[in-house]
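Chemist: Here the protein sequences come in this chain order: A and B. Positions 1 to 193 (full-length UniProt numbering) are the ones given, in order, by the first sequence. Positions 1 to 193 (full-length UniProt numbering) are the ones given, in order, by the second sequence.
Honestly, I wouldn't trust all of these hints.
Short derived list, chain B residues pointing at chain A, Cβ under 8 Å [said to hold, decoys possible]: (1) 89; (2) 92; (3) 93; (4) 94; (5) 97; (6) 101; (7) 103.
These are computed hints drawn from the structure, not numbers from a lab. We put the beta carbon where it would ideally sit given N, CA and C, even for glycine.
Protein chains: 2
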Amino acid sequence: MPHADSALVPETITTKPEFWAHIYSQLDALLDSNQRNWVTNLSNAASLIYNSLLAFPAHFGNGQKAVNWCGAATKPTSNSSPSSRLLLGPFNGKPACQYINTVPGKARGVCADSFLQRRTVVVPDVETYPGHIACDGETRSEVVCPLILSSGEHDGRVLGVLDLDCLAVEGFDDEDKAGLEKIAQLLVKACDW
Amino acid sequence: MPHADSALVPETITTKPEFWAHIYSQLDALLDSNQRNWVTNLSNAASLIYNSLLAFPAHFGNGQKAVNWCGAATKPTSNSSPSSRLLLGPFNGKPACQYINTVPGKARGVCADSFLQRRTVVVPDVETYPGHIACDGETRSEVVCPLILSSGEHDGRVLGVLDLDCLAVEGFDDEDKAGLEKIAQLLVKACDW
Numbered sequence: 001m002p003h004a005d006s007a008l009v010p011e012t013i014t015t016k017p018e019f020w021a022h023i024y025s026q027l028d029a030l031l032d033s034n035q036r037n038w039v040t041n042l043s044n045a046a047s048l049i050y051n052s053l054l055a056f057p058a059h060f061g062n063g064q065k066a067v068n069w070c071g072a073a074t075k076p077t078s079n080s081s082p083s084s085r086l087l088l089g090p091f092n093g094k095p096a097c098q099y100i101n102t103v104p105g106k107a108r109g110v111c112a113d114s115f116l117q118r119r120t121v122v123v124p125d126v127e128t129y130p131g132h133i134a135c136d137g138e139t140r141s142e143v144v145c146p147l148i149l150s151s152g153e154h155d156g157r158v159l160g161v162l163d164l165d166c167l168a169v170e171g172f173d174d175e176d177k178a179g180l181e182k183i184a185q186l187l188v189k190a191c192d193w
Numbered sequence: 001m002p003h004a005d006s007a008l009v010p011e012t013i014t015t016k017p018e019f020w021a022h023i024y025s026q027l028d029a030l031l032d033s034n035q036r037n038w039v040t041n042l043s044n045a046a047s048l049i050y051n052s053l054l055a056f057p058a059h060f061g062n063g064q065k066a067v068n069w070c071g072a073a074t075k076p077t078s079n080s081s082p083s084s085r086l087l088l089g090p091f092n093g094k095p096a097c098q099y100i101n102t103v104p105g106k107a108r109g110v111c112a113d114s115f116l117q118r119r120t121v122v123v124p125d126v127e128t129y130p131g132h133i134a135c136d137g138e139t140r141s142e143v144v145c146p147l148i149l150s151s152g153e154h155d156g157r158v159l160g161v162l163d164l165d166c167l168a169v170e171g172f173d174d175e176d177k178a179g180l181e182k183i184a185q186l187l188v189k190a191c192d193w
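With the hints as constraints, model all of the structure from the sequences given.
Modeler: Put into structure tokens, the structure is as follows:
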């Protein structure tokens, strides 16, 4: 099967829990245990999630309800960048902010809050969110999930965040939160960081 | 200006040379001399090129002529992967092949040829290209440009490739080749590799 076809969503899938279980299995099949490069795997994951959401018009991808951004921001592990910020990582969607300040007390925005609070943040309306950073003025709602190491020497370290944006208010709910958190766990385990 | 707006293409732009000069200036403005992370910069560059092409219906982005993939594959510099292959990097479009064999004599496909031959390859019809690798069965034409270091200790090293795919045959020509090569030079100089 050509890799692109992994983003097809069968018509039999009608609910969000079914959709996220489908994405999980598609991503699990795309990931290769012999290839643990985080850039490669986040690139394909962002593409898979984004294009699958657009192929699921029951909840997303339908004109004004369309998802308009899906991607990652990560904490650099090298000395090439100050550790006080997240750097933009692989994504699908329009160009975005390159870095996100994560200095407690100075950080602002949904991604910084998710990263610092180590929890998924669902934002029904970005215009009412304190300190929202508008990379795209068309974004109306957002969900951001942290990527957290769950084993090994650095167990508990927050590696970065996964971010989804939607053109409609209330684009995401607790079912999307649960689905995205399982995707994040799969990705963390499949890569070297 | 929100970052997403950098992918807008003014209606005054009607020719390909004007288009590529516009992309160059937009990318130059997006890149930040204080931030030389190649993952971040290739992520925004792939997004900018892809979304700008789709916003340029005079030549692309118009139904059957649409560009359907834009991104990078790079040669890992660490020991985390065999050096005999390119790894998928940041892109916009549907999921793609994770690695490309670059062993001379065994390598196949447009990306491997561009990388090994150190030159841009324009493919008017992928179905007639020997050894074409179909990540997406809908792709009909392609242009691949190498990323080559032009200064410093490793002057001349090929870092990877930039790849554009189109749903139509003969999507790209020598004007696109020239435009993409200038973008590649800008990106190589703007990042630490």
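Chemist: Looking back at the numbered hints, which does the structure fail to meet, lowest number first?
Modeler: 6 and 7
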